[in-house]
Amino acid sequence: MQSFGLPVRSIPSSASVAASSVYQDTLAKVTTRSPLGTRTVSAASARSSRPLVIASVMASMFMIAIEATIVATAMPQIAADLGGLKLYSWVFASFLLTQTAMTVVFGKLSDVYGRKPVMLAGIAAFLLGSILAGFAWSMPSMIVFRLIQGIGAGAIQPVGMTIIADLYPMHERGKIQGYLASVWAVSGVMGPMLGALIIHHFSWAWIFWMNVPVALLASAGFIYFLHERRERRQLSIDVPGAILFTGAVAALMVALTDAGDGRATRAWIATGAFLVLLVLFIAQERRAADPMVSFSLWGRRPIAAANAAMLLGSMVIMGLTTFLPMYVQGVQHRTPVVAGLALTMIMVGWPVGSTFAAKVFPRYGLRPMMIAGSILVPIGACAFLLLGPDNSPVLAGAGSLVVGLGMGFMGVCSLVLIQEIVGLAERGSATASNIFARNLGSTLGAAALGAVFNFGLSRAMNGTPVSSEQLTAALQSGAGVSPAIEHAMQQSLHGTFWGVLLMSLLVMIATVCIPPTTIGRRRQAEVSGPSNGTH
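One gets the numbering used here by counting positions in the sequence shown from 1 and adding 39 to each.
It should be emphasised that the hints constitute simulated quantities derived from the structure, not laboratory data.
Hints may be right or wrong, so weigh each one.
Computed Cβ-Cβ distance ranges for the label pairs, DEER-style [what the hints assert, rightly or not]: (1) V278 to N430: 54 to 62 Å; (2) A322 to F174: 47 to 55 Å; (3) Q116 to H266: 16 to 24 Å; (4) G427 to A94: 26 to 34 Å; (5) G311 to A259: 20 to 28 Å; (6) L434 to Y403: 29 to 37 Å.
Ideal placement from N, C-alpha and C gives every residue a C-beta, glycine not left out.
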């Protein structure tokens, strides 16, 4: 598939009122050109365009959300046509690499230049990458074009979330975040089916080209209906910081990907490059007049704890996404469809949890709702420890559903919290920090739990290596697999589920570390300037 904290009472907070007043002031000054000249659009008239802007945000998010599942469905056919099977995993890793690395950069740029130009630039990059990917002639060219797609995704996701925060006050925003969660849920279910349909009736290129009309419609929506008034600020763009940050994150992603694929030498080289770039980046940011990453912003306790919780939660989700279908299919001998349905319950629980939390957090507070969600995650994770060869896959589905509910609670509340405790001038950067934590957590989860799985597999076989061909045969041949291989798979997957439970407990600890924060008592001046984090 990208907030917590505090007793939020239904008092109209000064932050919300101020943000709303800024928005209303913006609307009151919107002008349009017509053959009769320039005219002012009333605030009420301009406000009525909010649903069209949200539709544009949802369309943009849909392109990103469906990308992973629809490309995964088509990849066997793409690999058969283009060759380069050894680079198979990099078609996915390249997209995630640039998406994660550029998220923070675009979040900062949206604070400086405005949401609309950065969002349009992101859509343009994603559209360019999609068109070129459809014309890919080899696996390396496909990877390059996926890198371009990832750059666009790195702008679309954080800036889209920030646009929602700009347009809607806190008590309305949760409902809109629930709508966006449903986009990811629908995409998770629709992607495989749509991908299979396209592969069966058309060329695989159309899984990329289908983005063209969606991107054009979304762009038109932003151009015609999103109006913003930005005060020109004389700021120097921290270009060296952006380059060093992007390089450091890219090196880290390469290290994690290579470690997961067993390329130890390349992983260590990438790790060394990451550490060098990280040191240079920190030195650059400390002396930059307007740093790309504000350590004071990221270091505020509510933001740091909320982002840590979402990073760990993303590790949990990635662990289940990777290994739960393997258990249901390879150990319980169920069909791939049943394995997929057990996992899909996460995508059912997430939007349900988001929608419910959005309705009740104005009454009970963000922090209590986040803590409630963080308790649900380990409860759901316990279900996977009870799995056995003879269990019904309903147990796996129930655990997935509970985990999804908990993450839905946490996802919407953490984002609202982070957006509300900063001023408008920092909202893009704060939102991007949350999205970055989620994306990085996905990569860390795949690498960490993959290492746990490989260690358990080696130990269960008394040091005898198990090849990927043997694992593939175990998943495909069902009950005909070697008992030793099946036992090793069962033992190693249970070890992985223990790892998932440990991470889910850390999610709960990180959430409890979020301090009680009162949103709503902020001076007007603080809305357009830096905030000190808790009020």
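Hint check:
1. For V278 and N430, the Cβ-Cβ distance of about 55 Å falls inside the hinted range of 54 to 62 Å, so the restraint holds.
2. In this structure, A322 and F174 break the distance hint of 47 to 55 Å, their C-beta atoms being roughly 42 Å apart.
3. Between Q116 and H266 the Cβ separation comes to about 44 Å, which falls outside the hinted range of 16 to 24 Å.
4. Distance hint for G427 and A94: a CB-CB separation of about 46 Å, inconsistent with the stated range 26 to 34 Å.
5. Judged by the Cβ atoms, the range 20 to 28 Å given for G311 and A259 is violated: they are separated by roughly 46 Å.
6. Taken as a hint, the range 29 to 37 Å holds for the pair L434 and Y403, whose Cβ atoms sit roughly 30 Å apart.
Violated hints, listed in ascending order, are 2, 3, 4, 5; each of the other numbered hints is respected by the structure.
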